[in-house]
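In order, the protein sequences belong to chains Z, G, R and U.
Counting along the first sequence from 1, when you hit position 32 you're at 404 in the numbering used here, and nothing is skipped either side.
Counting along the second sequence from 1, when you hit position 30 you're at 402 in the numbering used here, and nothing is skipped either side.
Counting along the third sequence from 1, when you hit position 244 you're at 616 in the numbering used here, and nothing is skipped either side.
Counting along the fourth sequence from 1, when you hit position 283 you're at 655 in the numbering used here, and nothing is skipped either side.
Wrong hints could be hidden among the right ones.
Just so you know, same-sequence chains aren't split out, so a pair can sit in one copy or run between any two.
[As the list claims (entries may be wrong)] Taking lysine-lysine pairs in the DSSO-like style, the calculated list, with each CA pair at most 30 Å apart, reads:
(1) LYS540 x LYS777
(2) LYS777 x LYS764
(3) LYS804 x LYS777
(4) LYS690 x LYS711
(5) LYS649 x LYS690
(6) LYS764 x LYS540
(7) LYS713 x LYS690
(8) LYS764 x LYS690
(9) LYS804 x LYS764
(10) LYS605 x LYS531
(11) LYS540 x LYS804
(12) LYS525 x LYS605
Worth flagging that the hints you see were computed from the coordinates, not collected in a lab.
What you are looking at is a predicted structure, and each value in this text was computed from that prediction instead of being measured.
There are 4 protein chains.
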Amino acid sequence: MRHESVFDELKEECGVFGVVSHPEAAQLTYYGLHALQHRGQESAGIVTTDGYSFRHHRQMGLVNEAFNGEILERIAGPTAIGHVRYSTTGDSMLTNAQPLIFQSAAIGQLALATNGNLVNSERLKRELEMQGSIFQTTSDTEVIAHLIAKSRKPTLEEKVKEALAQLKGAYALLILTNDALFVAQDPHGLRPLSMGLLGDSYVFSSETCAFDVVGAEFVRAVEPGELLVLDGKGMRSVRFAEPARRAVCSFEYIYFARPDSDIDGINVHLARKRLGKQLFQEAPAEADVVTGVPDSSTSAAIGFAEAAGIPYELGLIKNRYVGRTFIQPSQSLREQGVKMKLSAVRKVVQGKRVVMIDDSIVRGTTSRHIVNLLREAGAEEVHVRISSPPVKFPCFYGIDTADRKQLIAADHSVEEIREMIGADSLAFLSPKGMIEAVGRSDSHPLRGHCLACFDGNYPTETEAESVLEGQAR
Amino acid sequence: MRHESVFDELKEECGVFGVVSHPEAAQLTYYGLHALQHRGQESAGIVTTDGYSFRHHRQMGLVNEAFNGEILERIAGPTAIGHVRYSTTGDSMLTNAQPLIFQSAAIGQLALATNGNLVNSERLKRELEMQGSIFQTTSDTEVIAHLIAKSRKPTLEEKVKEALAQLKGAYALLILTNDALFVAQDPHGLRPLSMGLLGDSYVFSSETCAFDVVGAEFVRAVEPGELLVLDGKGMRSVRFAEPARRAVCSFEYIYFARPDSDIDGINVHLARKRLGKQLFQEAPAEADVVTGVPDSSTSAAIGFAEAAGIPYELGLIKNRYVGRTFIQPSQSLREQGVKMKLSAVRKVVQGKRVVMIDDSIVRGTTSRHIVNLLREAGAEEVHVRISSPPVKFPCFYGIDTADRKQLIAADHSVEEIREMIGADSLAFLSPKGMIEAVGRSDSHPLRGHCLACFDGNYPTETEAESVLEGQAR
Amino acid sequence: MRHESVFDELKEECGVFGVVSHPEAAQLTYYGLHALQHRGQESAGIVTTDGYSFRHHRQMGLVNEAFNGEILERIAGPTAIGHVRYSTTGDSMLTNAQPLIFQSAAIGQLALATNGNLVNSERLKRELEMQGSIFQTTSDTEVIAHLIAKSRKPTLEEKVKEALAQLKGAYALLILTNDALFVAQDPHGLRPLSMGLLGDSYVFSSETCAFDVVGAEFVRAVEPGELLVLDGKGMRSVRFAEPARRAVCSFEYIYFARPDSDIDGINVHLARKRLGKQLFQEAPAEADVVTGVPDSSTSAAIGFAEAAGIPYELGLIKNRYVGRTFIQPSQSLREQGVKMKLSAVRKVVQGKRVVMIDDSIVRGTTSRHIVNLLREAGAEEVHVRISSPPVKFPCFYGIDTADRKQLIAADHSVEEIREMIGADSLAFLSPKGMIEAVGRSDSHPLRGHCLACFDGNYPTETEAESVLEGQAR
Amino acid sequence: MRHESVFDELKEECGVFGVVSHPEAAQLTYYGLHALQHRGQESAGIVTTDGYSFRHHRQMGLVNEAFNGEILERIAGPTAIGHVRYSTTGDSMLTNAQPLIFQSAAIGQLALATNGNLVNSERLKRELEMQGSIFQTTSDTEVIAHLIAKSRKPTLEEKVKEALAQLKGAYALLILTNDALFVAQDPHGLRPLSMGLLGDSYVFSSETCAFDVVGAEFVRAVEPGELLVLDGKGMRSVRFAEPARRAVCSFEYIYFARPDSDIDGINVHLARKRLGKQLFQEAPAEADVVTGVPDSSTSAAIGFAEAAGIPYELGLIKNRYVGRTFIQPSQSLREQGVKMKLSAVRKVVQGKRVVMIDDSIVRGTTSRHIVNLLREAGAEEVHVRISSPPVKFPCFYGIDTADRKQLIAADHSVEEIREMIGADSLAFLSPKGMIEAVGRSDSHPLRGHCLACFDGNYPTETEAESVLEGQAR
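Turn these sequences into a full structure, and let the hints guide you.
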């Protein structure tokens, strides 16, 4: 949950939430999206249906900025889907705010909310346009709507299946019509998507933390390649693709998900604490205090401290009030040492040997900055321990890592990185240690995670060309 | 730093910051106020002078909402004071946003920023009005300006001294003119106010965390009853009152101040950790996990856990994105268990005996809510430990505690409170234990703190009538 | 120019403006749209191209609210088109704000601005959707873009011609691409569209008053069924349809156009003055003063007064500051006589026989209101003279008349209307008198005007079904 | 009513409106201010009392921008005063928006709304400040409040009288308390202020046009030096000063007031028409058409045309939609002839000898611009006739004329001015002709008008020093 950070190096795409047949579906979706706010802060949107027509509201900004009681009143309706989108640096992109809504004589009204990234969307879009389709957004998601609208299949369910079969990439997808809710996950299950039950109403959410907030019970994860259809006849599960090697994104455990979410039954806070313990096993350090980079590394730091028997301290403090319009200090002020967001606590680290736990190193600039903060505050030694393996390959499934040239671990050894960030020692967690610490129940330990950013083995077939594209950028 | 909480029970008045003779004083004040943001979120303001006239900007909202680069550019000037004010529920109160600015042929331009509360302001105001003065705000601070304007003393310094001598209460005060900066603290030193040095420029701040942010060195605290005058002739210290019994507000250590601030040389995080250790000494508990109420109780919880040898866990997670316009769930949704801001982490607390550390109990409603959250998430036992003594008396020095009737500890025993909040056990820290754990260097351990909210011994003479007024309310 | 009136009974669709190859095209379009503001106040938009890509800005509100210097700077470019849209009562319709922009691999970037109304757009849209097209707006104009995108013709010019050939209705149309500007008018020439020259740059405008504002010379009207193509090779005129019976909307002369515009070489103010003179010839009145309903009837009233030798007076005064958010008086205040927008001048009309000139009667409520105002102010007699024939049929070409049931003249005789509005006498101008007074140069006097709203003879073939639809509404 | 013009040369201060004891006083004040909107567009404000406390709303912008139904609901109350303020070029001046509100133990709550200008406010303010008063605004009006607050008289009525006796200048003044409304006019009666009756409720307004709008009957003008007190005992009239030579501002008839207002029983439109007739008597012209500069000169132009027997035409058209944020054309566009706000109608003036009537010439730039517009549109001759005498002296009573150096008639003969503005002939109305045409009923024709801007005879004693100050500026 350090996503609003000015020095964040990883960004994710989105969160989705849906409720079927509940009298306060719009309000529940509001609370659900609010619980998923860490997955995206650019825009928020909700679409509801009363079985006849849609009501909707989408706006730039946080969930509680985008909605108020009057708006929720206006869009009230028994079935709803919602979406939060992550913050970009570009112009206002309200037209890209989801759920996207489409309507035509052929397919009626359709609202789509997705979390993830298609790797073949550009090609599909070009083909559709050459046949006369006109796109209104730059969003992947619109491609799905056009594929459905163009399908010659007789029923909407078959149209949706035909459309999904053409997609490659990572996606958790909700499609709302006035008659039904369609819920789908990509064949590799890259992004989490869970089903819950609130009374008699099914709810769906990118993370289970939203279930706790709305009082729903977790039922099960939506399966890779599964399409759920919820309509007047109840819920049924169909397949639009053969399930492939299961490959949930490792960074959901390491960094993205909220500590109180469970992914496939494993609590994220506890998994991170085990990552910290494992990290101590693999790379102990002689030190006086352990500190974590708030907030995402706190759990791992506590785990490390407990395993090491070294006190865990708040050696770094984050200002909670850094917002989107924060003014960067001028060059001269930066040189005078004006800090924006993160402070080292002098009385805690002065004269101490400090273990600093972080969840990842992407470009290395943040780590160098933090090591420097600690040294300026008087730390005698700074030992950096990272609760994930080195990130060497770009992600094509919705994480906004830098391109490969900017990934410090792509071209540098651990020792080189240590020197670049100015630490006294540096260690990363091993892939094997990471998998074991997370503890997914798959019998074969290397299965079940997408490790592409660590080892370059992309689960979808397009990886080769994508990497090449990525390098060409 | 849990001040934006929807269930906060304590609120403080403000933070002040000032810089003398620095080319980027306005920007530094912006960063300083940002570091003090936890002391007030209602409005922010900065006034600068170039020696000839003032420039200023004041606005409702957070520092980074109230200011942008263009505004800072417009108000640039070598000497600046700034202010953050806490959030009230009333109407827009922009006219009360500080620094307040006054101007007259008698005193020239004057800007005032204060943190604290006067206990005799109503009487002073009435007297001034009967002599023909007209007040524009409902702020205590305006009284000070009118006293200065009415003074018949020949120099501004003497006018200020005469005015300050009439005030009773708690205040850290900055007065800016085009020629000088006046810095004063009340005779009891109730609110913290520190002096720092940034190159050759003096800076003043309610808390030292702002010094770290702007790169300044801490010099010393401003003393009770001291008036500092900084003008073309340098800085000199004069006295406007005999220093009284030193009585810094205990809650600055317990709750208000940022963990990375030092008050009178004592780091707040470490003091809180010691409060937690002391709390374990006084009231141990048999348990499986220790958790703190984020964020203000985290340090105490870690201290307790270390002393007890029980694992410290994130058993409660706070949603960072609850803002001022957050919609409260409807009654029916509340009954269904929709939670707004704080979640208990089921996998962490389920089936466990949990020690829940909080910094204080005021009305008790928050504690009951949190105990309930933990139980719903499956906690087997909930042992509540409070890192401060019971709050039995209202504060008249700037903390917005409820009036006496609402203070649960005013009329109830610890056992009664335990029952009301539904805990398996409950213990508060003893006043003596609190003082020792904080460890202020005064030779006599009972000196140096204001303990009025715990024991009713108010440092100023007006306490008796004030309490009576308070009870009459 | 009484379009902002709270009691307006006629509303028109839009105004368009375009400039080709001028270094300050965006600014000129801003001034041009400003001169056309009376044709639409809901939204304003400008799209420019530098030959490579579009820049644009569209916003709800008036031209000078929607644009500022910074925005014009940002969208600067040598070729531009713009649009003003009339005010509706519905929700925010920003997505309908023109120029609409489309983009695809098949047709590149396309921006469309239209004034008018298609009568077969619903049917065309349905056909396109059944082939898989998805529409984003409820605007007629999007149909044109989809027809172009779907066309299998090899060049864009041929695609545009094929698309236009399928349209039925009234339209003045500008289509901008990165390579060319297309300018077209429907085969009946229902809406005015003129070509001007500013230095070497062609400009196009719904009304000539915009040419005066930007300093351009009038060249000629765009002809019915003509398509102008302006690209790197210069300007060429092609035909996409046989020119039909010329049928310019009569209400452009009577009401819509600005008095300083010329339509087909005839100045609107002078035409209106002749309408007033003719009206006196057809229906003189014994009276002391002549007054017009400001502002649209002023010219006709002056003409009537001059012909009659009766003084023209400001007997009715309009408040210029009635805006979109004006609060209607409560019922009790209305009964007390609170007036909103129009006042009768007591000293001018008291004890006088007043001729009140208005341009049209649609539902009759406005006329009754004004007659009543004059009587309350003491007028002894009120003789209403209308400078157009009775409106008996709805318009399908872009004028928002009420449906047929609401047209007072559809079901009532002149004498009945007189009684309903409370006038001492009432007369309308004859169609023949109107045509002669306007003085269009066509040899056959009945040619050249669309008189459908007076006589039901719709120039396009779909009139019959349209009227039926209209009645069914 | 051409006050929103970008080329206006005269600006006035304000309008005031008040209602006593009417259940919908706030709404009535809203409509009243709306009718006075032409007197000031910078800000609008209303204060009401229910006899116990004030409610108020003040905001920058037009009346219908500043208020909505919800706000009017919130400030509902049986007695109300309101104010509109004219537009300045400076920063946001919301603190100067009236009615100003003051409160103290000595005088209770006080709200003041004034129209006019004090000539001795600076001196009074300085004296008050040296006694310890602190001012919050730069408004004259605050001086009045401080004088009242400082007064040692026993009753509020006597305090008000004592305060008014110290003022010099022009003012129409409303003072609201929770018990009474005080209404006063300066001893010379420079600004109009009328009393009306709406049922049993007294209303007061700067102009009578507001009475027509709210349905009130005109009773009489408030007299020079009169103080009306309306309280629980009814209304009584007292004197705070001997009435001086009556001197109503001539420009109220010539330019400021709405044509449908009566001042001292004389209708403004009819007075202007007589000014036009008189102008023709004094300075006839051989011409083909007469045109007025819209909107303020329309009545005079009609009068001239009727007297001359020359057709009155709309030779100049004003764009109604020029607002406060209108973008000025760049220099290059200005040279190309881009016009902003006023257009000459080519078909009307081409080849014609044109009489152009305007109400005044201040700096001459506007007249030159308009003459030029007419010539560019083909006018053969342009004869300028001004319906007032030459403005040679600055105004100190609330009209924002340029200082003396900028008044073209201060230093130039009529022939010189004619040449500077490029007219074929130029004539001003004589002072005597103006007075006769307006037709005020005073027995001595030179009495009753303030003619200071024409002849330098200022009615208040401070004129000499003021003129000197004015020249020194």
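Evaluation of the provided hints:
Only within a single protomer do LYS540 and LYS777 lie at most 30 Å apart by alpha-carbon distance; the minimum there is 25 Å, versus 57 Å between protomers. Taking CA atoms no more than 30 Å apart as the test, LYS777 paired with LYS764 passes inside one copy only; the shortest distance there is 9 Å, against 62 Å between copies. For the homomeric pair LYS804 and LYS777, the shortest alpha-carbon distance inside one copy (26 Å) is at most 30 Å, but the shortest distance between copies (59 Å) is not. For a Cα distance limit of 30 Å, the shortest separation of LYS690 from LYS711 qualifies both inside one copy, at 11 Å, and across copies, at 25 Å.
For a Cα distance limit of 30 Å, the shortest separation of LYS649 from LYS690 qualifies both inside one copy, at 24 Å, and across copies, at 24 Å. In this assembly of identical chains, the alpha carbons of LYS764 and LYS540 lie at most 30 Å apart only when taken from the same copy (22 Å versus 60 Å across copies). In this assembly of identical chains, the alpha carbons of LYS713 and LYS690 lie at most 30 Å apart whether taken from the same copy (6 Å) or from different copies (19 Å). Taking the closest pair of Cα atoms, LYS764 and LYS690 come within 30 Å of each other only inside a single copy of the chain (28 Å); across copies the shortest separation is 33 Å, beyond that limit.
In this assembly of identical chains, LYS804 and LYS764 lie within 30 Å of each other by CA distance solely inside one copy; the values are 16 Å within and 56 Å between copies. In the homo-oligomer, the alpha carbons of LYS605 and LYS531 lie at most 30 Å apart inside one protomer (19 Å), although the nearest pairing across protomers, at 46 Å, exceeds that limit. Taking the closest pair of Cα atoms, LYS540 and LYS804 come within 30 Å of each other only inside a single copy of the chain (28 Å); across copies the shortest separation is 66 Å, beyond that limit. Within a single copy, LYS525 and LYS605 get their C-alpha atoms as close as 21 Å, which meets the 30 Å cut-off; across copies the closest is 47 Å, which misses it.
Violated hints are absent here; each numbered hint is respected by the structure.
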